[in-house]
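Spelled out from the first residue to the last, the chains are:
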Amino acid sequence: MKTKINELATLPNRLGILNMTRLRMLVLGLVVLAALAGCARLPTPEVREDVSSATSTEDGAAANVIRIGAAVSETGKYSREGRDTRQGYGTWLEWVNNEYGGIDVAGKRYQVELVMYDDEGDPDTVARLVEHLISEDRVDFLLGPYSSSLTQSASAISEKYDKIMVEGNGASESLFERGFRNLFAVLTPAGNYTQSALKMLAEQGAKSVAIAYEDTAFPTSVAEGAQRWAETYGLEVLGVETYPRDVADVSGIMAKFKEAEPDVFVGGGHFNDAILFIRSAKELDFNPKAMVITVGPSNPKLVQEVGADAEYVIGPTQWEASMGYADEHFGTAAEYAARYEARWGEPPTYQAAESTATALALHLAIEAAGALDTDSVRTALLDMDIVTFYGPINFDDTGKNASKPMGAIQVQDGEILVVAPGHAAVSELRYPAPAWKDR
Amino acid sequence: MDQVLQALVNGLLLGGFYAVMVLGFSIIWGVMGIINLAHGEYLMIGAYLGWGLFRYFGMDPFAALLLILPLMFLFGYVLQYVLINRIVERPHLMSLLITFGISIALANLFKILFTSDPRNVSVAYNGSVELLGITFPIVKSIIFGVALLAMLGLHLFLQRSRMGKSIRAAAQNRTAARIVGVDINRTYAVTAGICIAITAAAGAMLSPTQAIFPFMGPPLTLKAYTITALGGLGRIPGALMGGVVLGVTETMVSRFVPGIGTNLGVAISFVILVLILILRPQGLLGGLRPVDPDAE
Chain P
1 MKTKINELAT LPNRLGILNM TRLRMLVLGL VVLAALAGCA RLPTPEVRED
51 VSSATSTEDG AAANVIRIGA AVSETGKYSR EGRDTRQGYG TWLEWVNNEY
101 GGIDVAGKRY QVELVMYDDE GDPDTVARLV EHLISEDRVD FLLGPYSSSL
151 TQSASAISEK YDKIMVEGNG ASESLFERGF RNLFAVLTPA GNYTQSALKM
201 LAEQGAKSVA IAYEDTAFPT SVAEGAQRWA ETYGLEVLGV ETYPRDVADV
251 SGIMAKFKEA EPDVFVGGGH FNDAILFIRS AKELDFNPKA MVITVGPSNP
301 KLVQEVGADA EYVIGPTQWE ASMGYADEHF GTAAEYAARY EARWGEPPTY
351 QAAESTATAL ALHLAIEAAG ALDTDSVRTA LLDMDIVTFY GPINFDDTGK
401 NASKPMGAIQ VQDGEILVVA PGHAAVSELR YPAPAWKDR
Chain X
1001 MDQVLQALVN GLLLGGFYAV MVLGFSIIWG VMGIINLAHG EYLMIGAYLG
1051 WGLFRYFGMD PFAALLLILP LMFLFGYVLQ YVLINRIVER PHLMSLLITF
1101 GISIALANLF KILFTSDPRN VSVAYNGSVE LLGITFPIVK SIIFGVALLA
1151 MLGLHLFLQR SRMGKSIRAA AQNRTAARIV GVDINRTYAV TAGICIAITA
1201 AAGAMLSPTQ AIFPFMGPPL TLKAYTITAL GGLGRIPGAL MGGVVLGVTE
1251 TMVSRFVPGI GTNLGVAISF VILVLILILR PQGLLGGLRP VDPDAE
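In order, the protein sequence lines correspond to chains P and X. Counting from 1, position 405 in the first sequence corresponds to residue 405 in the working numbering; the numbering is continuous, with no gaps. If you count the second sequence from 1, you need to add 1000 to reach the working numbering.
It should be emphasised that the hints constitute simulated quantities derived from the structure, not laboratory data. Misleading hints may appear alongside valid ones.
Said to hold, decoys possible - Partial chain P-side listing against chain X, Cβ under 7 angstroms, derived:
#1 T242
#2 D246
#3 S251
#4 I253
#5 A255
#6 N272
#7 L276
#8 V303
#9 G307
#10 E311
#11 R430
#12 A433
Quantities reported herein were computed from a predicted structural model and do not represent experimental measurements. We treat Cβ as the ideally placed atom computed from N, Cα and C, and that holds for glycine.
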């Protein structure tokens, strides 16, 4: 009853302000339109079809075409890294078709057709797309998506259909503990991320380490590895702390570590955490002689945002253009970087480089096998032991690249410079870092 | 002893920030009966304003408050007048939906404008001072001071000024307030303006201490919800109390529980929330009665 009376009471009122309401609706509509226009200004995602000029028929092999498929994020949370991955694959594709003259399978040249879809960063979508690539597009081989979680989902499908998937953007070790026979990764697994840095710091006289990491898959892998390597190089582990995703305050951890006084602090997490660690250490006057932090430091954005406080911070890196690796196809790492920049108008990130290396590894395995069937190519991949512009590639029995050392960079005078491993270093490690008060 | 004292200081400083961060949420809830799910996004806007003014105009985030407060007051006033006032007397679900919608729209708008790259304000004085063997982080101490000032100012405004009295009247009994001539629409718009301005100010002060990004809002909204339940709705001392209790608990747990302390500290705020809802639903200090639709 009550509601009815209320409605009646407001009825004339509503009629009275009808014009006003219309005006407001108009304003609202304008706001919505403006928002839509804002969206529309975003570059429309361009699904790149194959760049090759080869005619593609239903049966690829008959027309001397090898079909390779990949689902890589073009939208969603990995859109940025996904673009690097696509451009990395594209760099190889254009080179192999136009310069190299096609993949050489037992003396016969095959053009390559690359079929790519947008997985939207979603594990279910990537699985569906890989299924589509295999059963509808009838691709011969697969390349990986971006990120460990998407690779986890995509590789389950390729394994089911017994197709080879070579990937370069899923570092989590759990990917290779599932007994899969057809998944190969060219990048250094997460457990080895801190190896070069800890080895180098132990050589410089560091004695102890404290580790803090986010309790999700990739950082956990990194931190478990860090504990293992600390032991190997004789560093005493003074404390291990975990923290949840989206943490807003790590002062508890840093206060604890401050008292433990470790020589080295290892932080495993994502970009935001790197900022938190540096801020918190400075605020609490926690002065480790070196800070090793994943993900953040190798990204120039960190220096941009944190400024001078990022000095001396050390970070693992899969690849930098200044590293000394080279192969007969893309030349040195620097030459690869120049080629990439000329094509895409921006310098390659390590995600781009490892994607090119991924495709190159598959290419060389097919040539070594001299055949297109899964078994021969798998054997060739397992036998592979080469050095590329990206670094050495030598898969172990589980499909991980066991031979590639992780690099380490240090922020020095605002620049990101490789300090380890020795043969790739362009600068000397600055150790120990001075106390916050003395900078 | 020093360690306990240091943890206590860290907890208090964190609590002071929590208190000013939660103030707007608590008062909007207490006065209008709206659970503002876009609260974290208002913090995010404030943080981006602080960052933008620092990056492009070299303005110190604390000096920028003088600009951010009036700007966001205007934003809150208009938003309330045009959008929220239309549904404030409808069922609760409406306000939940609309604030949820606002939060999604704002987060994605900022993603389009600024990408999801994390930002941070790097002020020159973000070090620490040592006093009596205890380390005081400079930025967080300033935040604590500003938070206390803001709370005192708001308290006086609500108690002494005519508009403040209208706001309290509207909170206690909307119909009665209307009868005695309070313009409810305007009162609500002013309330929202003040609350959103203070929230954005808290966000701006946050910008030098951690990374800011478009999707930072939801966890902060959740925290605001917990603290409000802890301290009681619409009460300034309640917000301070709830903030400090949570801040000190979190810091103490993460400082003295080895290994998983920080995880546990975050979890504990929700344990407290459940306990409070069972044992003292009116909050530790009691509070304004939430708006009761049956009172009309």
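To see whether the hints hold, each was checked on the structure:
At a threshold of 7 angstroms, the smallest CB-CB gap from T242 (chain P) to chain X is about 6 angstroms, leaving the interface hint in force. The interface hint given for D246 (chain P) is met, as the beta carbon of that residue sits about 5 angstroms from the closest beta carbon of chain X, less than 7 angstroms. Interface restraint check: S251 (chain P) against chain X, minimum CB-CB distance 5 angstroms, threshold 7 angstroms, status holds. With its C-beta approaching chain X no nearer than about 6 angstroms, I253 (chain P) sits inside the 7 angstroms limit, and its interface hint holds.
Annotation: A255 (chain P) was flagged as interfacial toward chain X, and the flag holds, the nearest CB pair being 6 angstroms apart, inside 7 angstroms. With its C-beta approaching chain X no nearer than about 4 angstroms, N272 (chain P) sits inside the 7 angstroms limit, and its interface hint holds. The beta carbon of L276 (chain P) is positioned within 7 angstroms of a beta carbon in chain X (closest approach about 6 angstroms), and the interface hint is therefore held. Hint status for V303 (chain P) relative to chain X: violated, with the closest Cβ pair at about 10 angstroms, above 7 angstroms.
Restraint check, G307 (chain P) versus chain X: the minimum CB separation of about 4 angstroms is within 7 angstroms; hint holds. Against a cut-off of 7 angstroms between C-beta atoms, the interface hint on E311 (chain P) is violated, since the closest Cβ of chain X lies about 12 angstroms away. Interface hint status for R430 (chain P): violated, as the beta-carbon distance to the closest one in chain X is roughly 20 angstroms, over 7 angstroms. The closest approach between the C-beta of A433 (chain P) and any C-beta of chain X is roughly 15 angstroms, which is over the 7 angstroms cut-off, so the hint fails.
This entry does not satisfy hints 8, 10, 11, 12, going by the numbered hints stated previously.
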